[in-house]
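2 protein chains.
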Amino acid sequence: MKIYHGSIVYSKGIKNLVEYKGSYIVVQDGIVEGIYETLPERYSNVEIIDFGRDVIIPAFTDLHTHAPQYPNRGLAMDEMLVNWLDKYTFPLEEKYKDESFASDVYDAFADDMIAHGTMHAVVFGTIHNKATDILIKAFEKRGIMSYVGKVNMDKNCPDYLLENTEESIDKTELFLQNHIDNKYSKPILTPRFAPTCSFELLTKLGKLMAKYKVGIQTHIVESLWEKEEAKKCFEGCRCDMQIYEDAGLLEYGPTIAAHFIYPSQEDIDILKKHNGIAVQCADATTNVIAGIMPTGLLLDDGVKIGVGSDLSAGQSLGIYSQIASAIRLSKIKSLYEKENRVISFAEAFYLGTKQGEVIFGKVGSFEKGYYFDALVIGGLEDKYQELKPVEVVERFCYAGETKNIKHKFLRGKEI
Amino acid sequence: MKIYHGSIVYSKGIKNLVEYKGSYIVVQDGIVEGIYETLPERYSNVEIIDFGRDVIIPAFTDLHTHAPQYPNRGLAMDEMLVNWLDKYTFPLEEKYKDESFASDVYDAFADDMIAHGTMHAVVFGTIHNKATDILIKAFEKRGIMSYVGKVNMDKNCPDYLLENTEESIDKTELFLQNHIDNKYSKPILTPRFAPTCSFELLTKLGKLMAKYKVGIQTHIVESLWEKEEAKKCFEGCRCDMQIYEDAGLLEYGPTIAAHFIYPSQEDIDILKKHNGIAVQCADATTNVIAGIMPTGLLLDDGVKIGVGSDLSAGQSLGIYSQIASAIRLSKIKSLYEKENRVISFAEAFYLGTKQGEVIFGKVGSFEKGYYFDALVIGGLEDKYQELKPVEVVERFCYAGETKNIKHKFLRGKEI
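Protein sequence lines correspond, in order, to chains A and B.
To convert, note that position 75 of the first sequence is 74 in numbering that gives the first Met the number 0; the numbers rise steadily by one, no gaps.
To convert, note that position 153 of the second sequence is 152 in numbering that gives the first Met the number 0; the numbers rise steadily by one, no gaps.
Quick caveat, the hints were computed from the structure, so don't treat them as lab data.
Please note that the accuracy of each hint is not assured.
Subject to a maximum C-alpha distance of 30 Å in a straight line, what follows is the list of computed DSS-like cross-link-like pairs (lysine-lysine) [as the list claims (entries may be wrong)]:
no.: 1; chain 1: B; residue 1: Lys154; chain 2: A; residue 2: Lys402
no.: 2; chain 1: B; residue 1: Lys154; chain 2: B; residue 2: Lys226
no.: 3; chain 1: A; residue 1: Lys405; chain 2: B; residue 2: Lys402
no.: 4; chain 1: A; residue 1: Lys206; chain 2: A; residue 2: Lys231
no.: 5; chain 1: A; residue 1: Lys382; chain 2: B; residue 2: Lys226
Label-pair ranges, simulated between beta-carbon atoms [as the list claims (entries may be wrong)]:
no.: 6; chain 1: B; residue 1: Ser263; chain 2: A; residue 2: Lys337; range: 18 to 26 Å
no.: 7; chain 1: B; residue 1: Lys20; chain 2: A; residue 2: Ser263; range: 48 to 56 Å
no.: 8; chain 1: B; residue 1: Glu338; chain 2: A; residue 2: Leu223; range: 17 to 25 Å
no.: 9; chain 1: A; residue 1: Lys271; chain 2: B; residue 2: Lys20; range: 47 to 55 Å
no.: 10; chain 1: B; residue 1: Glu366; chain 2: A; residue 2: Lys405; range: 41 to 49 Å
no.: 11; chain 1: A; residue 1: Lys405; chain 2: B; residue 2: Ile179; range: 43 to 51 Å
no.: 12; chain 1: A; residue 1: Lys86; chain 2: B; residue 2: Asp158; range: 53 to 61 Å
no.: 13; chain 1: A; residue 1: Asn82; chain 2: B; residue 2: Lys367; range: 32 to 40 Å
no.: 14; chain 1: B; residue 1: Gly51; chain 2: A; residue 2: Asn82; range: 29 to 37 Å
In silico contact screen, one side only, chain A against chain B (beta carbon under 7 Å); selected entries [as the list claims (entries may be wrong)]:
no.: 15; residue: Arg72
no.: 16; residue: Leu160
no.: 17; residue: Thr285
no.: 18; residue: Ser315
no.: 19; residue: Arg327
no.: 20; residue: Ile331
Cβ atoms here follow ideal geometry from the backbone N, Cα and C, with glycine treated the same way.
Chain A with its partners taken away, still in its complex shape:
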């Protein structure tokens, strides 16, 4: 048993961000037992670790990112989407046929993710099995809860990343078999997006889903181009989500729909029906200017939304700054499209923390029974004023740096 003293902030619900000042959080075997303003007598013999005025918050969850694109973070950011893909992203992804390159990058990627306070992630690999084995092991070894996918593409991409359909399915099945029994880092189906996948590929992936009971991550209505292209590629297609439903790819969860910028009502209904989650990657979708997710409208429609860093369309692994950017983008969206509303800090923080429980179970909050996956943040206060704990957390999300994450705990263990 461990007891930590400090300020404590976490989401109980989407509009219920709670704060405790100078309180105690009791952790038993890595699980939160309770939070107390005054420590009960029964804990009087347990050692207390004191974080003073620093604030204990849940670790973040990153629901969409591309590990292989890590070497390109913060580069070519003034390019537009097509150039960015053809000149930078696809050529980089080819390099993962080299296992030693993959190993170097994926170790750095996993370490940098942890340095940014993220402890649960849903991650794209490349088409390469061995490199993606290395990626999933990098997470497994560190004890990071994750879903990792080997990418499928059997059309509309450069030759050097193109698979034939059978080969793509066989390699995917091998990847699933290799990792289905992992403890922390699980495999997930990862067709890149509708324009690069034949319906045959998708239906065969659907059969793998039924056989192995795994989930799916992909990009859904990520741009106007993608939305239209998907309709052209699949006969009789009404919307992106329908393609995956028809292929049997929404039968098992998790269902992770990255971007979800231009959904039709049918996209929304299908996502909800299968308990899927849409992922907002705020800076990423503006860096490559796909558009802005209608976050407020979707939340009000009951859609579950998480937050993603989406490297390297996104520039950094910090989910905290994407929480801030989500609010900023909701303001821009409301300026240009009046039916959208501004989301609150409480909502945005929930999306980047507790909403992750849909995918990872008891994470992202400090209610009784949740994992103590936690960060201690500090160095954000001023000597001439005192901030409320929630204000410290807001300042961290808007202007924090990795140096402000002073301690990190994974299932109760400091890392």
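Starting from the structure of chain A, add chain B where the hints point.
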């Protein structure tokens, strides 16, 4: 004389970002003498300070920020403009009647600005003379080139910040007299914005401008509300800039027009006629959702544009991240208003560095004769690939932290 070895990146012109790999920059008495790929024989006896693969870049220039709002950075960011002003910003500004509070905040502010690599700044104070004396001295003492203003407001603001016109003018004249002979940190006229200033106040400020030959900073067409309100407040007014021209407030420079989001062609023409500079504060104007500057259109029309942090509508003093946000916003603007174009990284970097020479003279570049106001940035490379120096700088602007600024030089002296 000092010689520094490393990679070197700076703007020669708005579309001409140059890079030197493993080169030498020779600095004589704080002034750049030259850059050499091979060091000329005549320097063979001078000690060389080696920064290895780290990159030497010009220090940044912040053309619009509010020092008194520093304690609110990263707070109340999900509020909308009116609430944000009334509940957070104005009540904070009242506190500067307390000199000890002012002294604590302004020291922290100046130090934090330097920590973010900014060495030239144009800064709002409050209506308070003594507090603003403390602010300007905080810059003067540190040798930071700046223009600092005591704010004027004689209408449309809370009672506790309201001045009567005569008092406002007298206090402003006193402020000018106290600081006109400063070496580095100069006074500047600072009517807050048109809706809070009577025409009498502005014309009397115009007379002070003529008498003391000082410039002006204010907010120009910063929001649709402000644009319309200005027209209502001033009889016969066609546009914001005309008000200041009519009041004789554009006779001496510098003329600093913060935000400039909704300019009419006449606003643009008047600004250009007086060699003024518009300032984009990318995150700030989206945080409080005033709108997005038409950066590309203005640049193509020959308008000079600088970059501002605009605390505490902006969340941080890092101009480098506002360079990245300027590009991102130009993409969003081009998505919603097709006549706008995307600005390049070379352009955005120029705006945050060399464009500052309009205000501060030989700063923001490393051409011969420019001050060696410089940063050495590092810790941004990966072990598995080599980046070009320009790529290191782009990654710094997008994903850098203060820890990546490893050395800082002010007029050749390491600080």
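Verification of the supplied hints:
1. B/Lys154 <-> A/Lys402: violated (44 Å)
2. B/Lys154 <-> B/Lys226: holds (17 Å)
3. A/Lys405 <-> B/Lys402: Within the cut-off at roughly 15 Å; holds.
4. A/Lys206 <-> A/Lys231: Within the cut-off at roughly 24 Å; holds.
5. A/Lys382 <-> B/Lys226: Distance ~38 Å between A/Lys382 and B/Lys226 Cα, so the pair is violated.
6. B/Ser263 <-> A/Lys337: 18 to 26 Å: Since B/Ser263 and A/Lys337 have Cβ atoms about 24 Å apart, the given range 18 to 26 Å holds.
7. B/Lys20 <-> A/Ser263: 48 to 56 Å: Holds, since B/Lys20 and A/Ser263 (Cβ atoms, about 50 Å apart) stay within the stated range.
8. B/Glu338 <-> A/Leu223: 17 to 25 Å: Since B/Glu338 and A/Leu223 have Cβ atoms about 19 Å apart, the given range 17 to 25 Å holds.
9. A/Lys271 <-> B/Lys20: 47 to 55 Å: holds (53 Å)
10. B/Glu366 <-> A/Lys405: 41 to 49 Å: holds (43 Å)
11. A/Lys405 <-> B/Ile179: 43 to 51 Å: At roughly 46 Å between Cβ atoms, B/Ile179 and A/Lys405 fall inside 43 to 51 Å, so the hint holds.
12. A/Lys86 <-> B/Asp158: 53 to 61 Å: For B/Asp158 against A/Lys86, whose Cβ atoms are near 59 Å apart, the range 53 to 61 Å holds.
13. A/Asn82 <-> B/Lys367: 32 to 40 Å: holds (36 Å)
14. B/Gly51 <-> A/Asn82: 29 to 37 Å: Once the Cβ atoms are compared, 32 Å apart, the range 29 to 37 Å for A/Asn82 and B/Gly51 holds.
15. Arg72: holds (6 Å)
16. Leu160: Violated, because the Cβ-Cβ distance from A/Leu160 to chain B comes to roughly 19 Å (cut-off 7 Å).
17. Thr285: holds (5 Å)
18. Ser315: Hint on A/Ser315: holds, closest Cβ of chain B at ~4 Å, below 7 Å.
19. Arg327: holds (5 Å)
20. Ile331: Since chain B brings a Cβ to about 6 Å from A/Ile331, closer than 7 Å, the hint holds.
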